[in-house]
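One line per chain: the protein sequences are A and B, in this order.
Take the first sequence: its position 110, counting from 1, is numbered 110 in the numbering used here, and each next residue is one higher.
Take the second sequence: its position 39, counting from 1, is numbered 39 in the numbering used here, and each next residue is one higher.
To be clear, the hints were calculated from the coordinates, so they are not data collected in a lab.
Computed from a predicted model, the values in this text were never measured in an experiment.
A portion of the hints provided could be inaccurate.
[Stated by the list, open to error] Not the full set, but computed from the structure, chain A residues with beta-carbon under 7 Å of chain B:
1. E42
2. L48
3. F103
4. I112
From the three backbone atoms N, C-alpha and C, an ideal C-beta is built for every residue, glycine too.
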Amino acid sequence: GNSVTQMEGPVTLSEEAFLTINCTYTATGYPSLFWYVQYPGEGLQLLLKATKADDKGSNKGFEATYRKETTSFHLEKGSVQVSDSAVYFCALTLTNTGNQFYFGTGTSLTVIP
Amino acid sequence: NAGVMQNPRHLVRRRGQEARLRCSPMKGHSHVYWYRQLPEEGLKFMVYLQKENIIDESGMPKERFSAEFPKEGPSILRIQQVVRGDSAAYFCASSPPNTGQYEQYFGPGTRLTVT
């Protein structure tokens with residue numbers, strides 16, 4: 001089937017630390033991969049995406065590379081800020097599933113000054 | 001361009017009552033999706049609708065839940081005879097037609113509490 005597994009949180013980092021949130025997937029076809037971010041009390045916002053193998057999505061200092069050989073899409077940021085505190089969701093979609101998204105369980109990140 | 005709108009943001013219902021959740025997609029978007037987020041879990045797909053059509057309802061519980069997206073007005077997710085297990089955050093997302101981009105734009109969610 002189709003599913004996304006991401007590392008459990010919560011994750012607490014000091015400001016300017018390096019961030020990695022692991023994400024692996026299983027898919028019945030060729031998926032597009034996404035990271036969404038959810039700030040407290042808000043909906044999900046698209047952070048970045050990649051639609052084919054070896055693509056690198058990037059936005060606001062975050063990046064993730066679509067690795068088909070390891071079925072992974074790990075999120076990284078070189079230097080986190082307090083304002084990055086949020087819940088991060090890895091997700092995939094397939095064209096043959098009516099565009100529904102399959103989400104991971106989310107990883108809560110808290111950045112302390 | 002206003003984003004996806006959902007109302008109410010918070011809804012409290014007693015067991016056995018009905019819950020109606022509304023979603024107005026972004027302007028120009030004709031595809032609507034509903035997801036449910038249970039505590040400590042990720043979002044789970046429920047239903048995908050286009051104007052006046054249900055395209056995929058494979059994630060909808062077989063009983064008590066229904067969804068519509070009429071020609072005019074918002075999409076409605078309706079839960080009849082709510083039970084405590086229905087307490088969750090319900091998110092609506094929309095996407096434009098035929099873009100091939102697969103991006104979905106999410107609303108702020110409705111948090112349903114069943115007492």
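Mind checking the CB of A/L48 against every CB in chain B and telling me if the closest is under 7 Å?
violated (11 Å)
Cut-off 7 Å, beta-carbon criterion: hint that A/E42 touches chain B
Status holds, d = 6 Å.
Answer holds if the nearest beta-carbon of chain B is closer than 7 Å to that of A/F103; otherwise answer violated.
Since chain B brings a Cβ to about 4 Å from A/F103, closer than 7 Å, the hint holds.
Taking 7 Å as the limit, does the beta-carbon of A/I112 come near enough to a beta-carbon in chain B?
violated (23 Å)
Checked against the numbered hints listed earlier, the structure breaks hints 2, 4; every other hint is satisfied.
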